[in-house]
Structure formats: structure tokens, C-alpha cells
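**Student:** Using the sequences and the accompanying hints, generate a full structural model.
These protein sequence lines are chains E and X, in that order.
The numbering of the first sequence is full-length UniProt numbering, which starts it at 1 and goes up by one.
The numbering of the second sequence is full-length UniProt numbering, which starts it at 1 and goes up by one.
Any given hint could be a false lead.
[Unchecked claim] Cβ pair distances, simulated, as ranges:
| hint | chain 1 | residue 1 | chain 2 | residue 2 | range |
| --- | --- | --- | --- | --- | --- |
| 1 | E | P48 | X | I202 | 20 to 26 Å |
| 2 | X | V54 | E | P209 | 35 to 41 Å |
| 3 | E | E117 | X | R9 | 57 to 63 Å |
| 4 | E | F177 | X | V54 | 27 to 33 Å |
| 5 | X | L209 | E | K4 | 53 to 59 Å |
| 6 | X | V61 | E | K41 | 42 to 48 Å |
[Unchecked claim] Where chain X lies over chain E, by a calculated footprint (3+ residues, C-beta under 8 Å):
| hint | stretch |
| --- | --- |
| 7 | 3–12 |
| 8 | 38–44 |
| 9 | 63–73 |
I should point out that these hints are in silico values taken from the structure, not numbers from a laboratory.
Cβ coordinates follow ideal geometry from the N, Cα and C atoms, glycine included.
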Amino acid sequence: MSIKLFELLLYASIYTVAISVVSILIGFAIAILLSGMLLSKKRLFITPAQIFISFFRGVPLLVQLLLIYNMLPAIGLNVPSIVAAIVGLSLCTAAYQAENMRGGFASVPVGLIESAEMVGLTPGQIFRRIKAPIALRLTFPALVNEAILILKASSLVSVVGVIELTRMAQDLAGSTFLPLQIFAAAGLIYLVINWIVALAGDFIERSLPGVPR
Amino acid sequence: MTFDINVIRDQLPAIASGAGVTVLIWVVGTIAAAVIGFFVAVGRRFGGFLLDKVLGFIVAVLRGTPFLIQIFLVYYGGPFIGLNLDPLPAGLIGISIYGAAYYSEIFRSGFLAVPKGHIEAGECVGLTQSQIIRRILLPEMTMLVLPPSLNMAVLLMKETAVLSIITVPELTATLSAIGAQQYAFVEALTVLALFYWILVEITGRLGHLVETKLTRFRFFNA
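**Tutor:** Structure, rendered in C-alpha cells:
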């Protein structure tokens, strides 16, 4: 396999990383909203959030992508396939991240919240200064895990025609008749990306302050 | 946007066959993955330093690369090394090996959770290694590994949809084809999503029921 082919794969992997990063960030924002709904103690908010999470965790990502890709034109929205891909990945990761966040908020030590109330912090201050930082700190390892899952899952957007790493590998394998080398090289690139994410995650986690008990 | 369910009703036999293939791959693949994963975990625990490192490396590669890439490697790369597989066996082998990597990690942590004292006690009364595995490790860790194993089974079911890409005639492939032929994507994909959603919900609830019914069989709290 020539250097030129490997360069093409590396170039395509930029799309893989970009799509994953954007999806994780959008998913994170949606997850904040969803976990807020789950913790709201109001059926009106909890039930829709639960149905959303159940659906996006219960249906294979590939089917979600096919649905979004084919449904959007059917309701009159013609978007480029990369947008459909990002929408699909974001909604899917939002469902998983929301569950993690709910767990994080539920494990904030009650004592801390009570002492914050004692010293007269307002509910808004308690959320911003106590609950949110601790919950995010607690869910950070799960977030890194989710990032790796999404990086791998982003290979599925090749099916809706986005030219990222997997799709590029498929096209090159078809045109060069070197599927073994090319898919192995693509796998290696995924492995290195995930390895970097895991290392960076470990590094950041170690530099974050611990959680008081 | 129209929604004509008759398109689906006319194709019921084909859909049933696709659903059958999905469930078949899921059940056979999960069982095979769990069995292979168990032996990998045993090999890593008892097979010495070198075997542990080699298997650990393979597991890391399988867990660090997308399933789709692995499947492409087997299905499109296989013929170049004399491995000519039809889509269905290629998919079954793929999902078994992919799942085995995850199951081996589940069993490995199960082994680690069994208190050392129990194993040492077994060694003291003269049990052989295989007796320790069968009589102490296996029964004591079963309840610990049950929840993550059921979770993994659900993940594998969703993963079977990916096999449609290498033309395994399972449900996703069947319904996508119906959608394309009849130009009825909305109907076909809605049925498809509902099928998986219901199956995942049922499996999840059953698993939860089994877990709560069996908690009294736990040997210790870990």
C-alpha cells in the first residue's frame, strides 16, 4: 500500500474526528436539557425525556441514521448527508450522555447541598457552584468512554454517503483491490485516534480536582 | 408525506424471514461470543504472562476499532487470504469475535471480583485449577457478570443491524430493500425501528426481572 493511499485515509479521518466532536458537543447540550427534564420531578417533563432516551438507546444507530436520512426529505427538509449524520449521532449520544448525567447529579453528596443551603446560597448558586461542577467531574470518565464509542459509531455514517474514514477506505478498497491492507490501515487509524482520546481523558481526569465525600 | 401500511402488509413473509435471521444471528452470535469470551478470560488469567499479553492486545484492537471495519476486513479482505465466506457466516463469525472481546473483559472483571481467600481456600484443600474454575470462580461470579452480560447481549442485537451493509439478509437489509423497491422508506424504516425498539425493551425488562429474582443467589456483595 502506497503512502498516497495512507494520506487519503488520514485526510478522511479529519472528517471522522470533526463529525464526532461536533456530535458529542451537540449531544452534550441536549443531554443537559434531558437530564434536567429527568430530574424535574414533573411527569410532564420526565415522560418525554424517558421516551426519547428509550428510543435512541433501543434502536440501532444505523437504523436511526437511515430514518433521519430518509425522513428529512419526506417532510420537505433537504439537508446534506453530513447534516443528517451529525443530527443522528448527536441525538443518539445525547440519550446515553443524559443517563450518565442523571447518575452524576444523583450522586452529588447530599451533605454538600445541605451545607450550601445552610450558608444561604440560592438554588441557582447551588446548581452552578456545587451540583454542576461535581456532577460533571463524576461523569467525566463516562464522557470519555462515550467519545470513544461515538468515534467508532461514526463509521456508520459512511452508509448515508458521508466521505469519512470508513467510506474512504471502502472506496479505495474497491478501486485498488487491496481491501486487506486498506481496512487494516483504517482500523489502525481508528485505534490510534481512540488511544489518543483515552490518554488525553486520563490526563485531564488526573489534573481535575477530586470530589469531596 | 403519506403513510401506507399496506406496503408493509404485502411483504410480511419476507419481513418475518428477515426478523428470523436477525434473531438467529443475535442468539447464536451472543452465545458464541460469551463462550469464546469466557475461554479468553480463562486464558488470560491462567495461561501465563505471554498469553495474557497477546490476548490482551487482540482484545484492545477489537474494542478500539469500529465493528464495521472488522466486518469489511473479514468479508472483503478474507478472499485475498483464501477465506471465502458467504455474508451470513461472515457476519456470524464477525459478531461472535467482536462480542467475545467485550465478554472476555466482563468475565475478567468477574474473576477479579471473587475474593482471593476463596481461591486460596480451594488451593489449600487441594482442588485442581479446573476444579477451582468450575466450583469456585464460575458459580461465585455468575451473579456479578449477569447484568453486564445482559447489557452486552442487547448491544450485540443492535450491532446485528450493521451486517445489512455486507448484505446479510437480516431485518435491516430486508426492510431497506422493501423501502427502496416500493419507494416506501418512511413505512419500512418505521416498522424497522419499532421492531428493534420493542425487542430491546422486552429484553431489557426480562433481564431486569431475572436479575432481581436471582439476587438471593449472590455469594457475596461486591
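**Student:** If a hint holds in the structure, say so; if it doesn't, say that too.
**Tutor:** Taking the hints in turn, this is what the structure says about them:
1. E:P48 with X:I202: 20 to 26 Å: holds (22 Å)
2. X:V54 with E:P209: 35 to 41 Å: holds (39 Å)
3. E:E117 with X:R9: 57 to 63 Å: Given range 57 to 63 Å: holds, Cβ gap about 60 Å.
4. E:F177 with X:V54: 27 to 33 Å: This hint holds: roughly 31 Å between Cβ atoms.
5. X:L209 with E:K4: 53 to 59 Å: With a Cβ separation near 56 Å, L209 (chain X) and K4 (chain E) satisfy 53 to 59 Å, so the hint holds.
6. X:V61 with E:K41: 42 to 48 Å: Cβ of V61 (chain X) to Cβ of K41 (chain E): about 45 Å, so the range 42 to 48 Å holds.
7. 3–12: Coverage by chain X is violated for the stretch 3–12 of chain E (0 residues, Cβ < 8 Å).
8. 38–44: violated (count 0)
9. 63–73: Coverage by chain X holds for the stretch 63–73 of chain E (6 residues, Cβ < 8 Å).
When the structure is compared with the earlier hints, violations turn up for hints 7, 8 and for no others.
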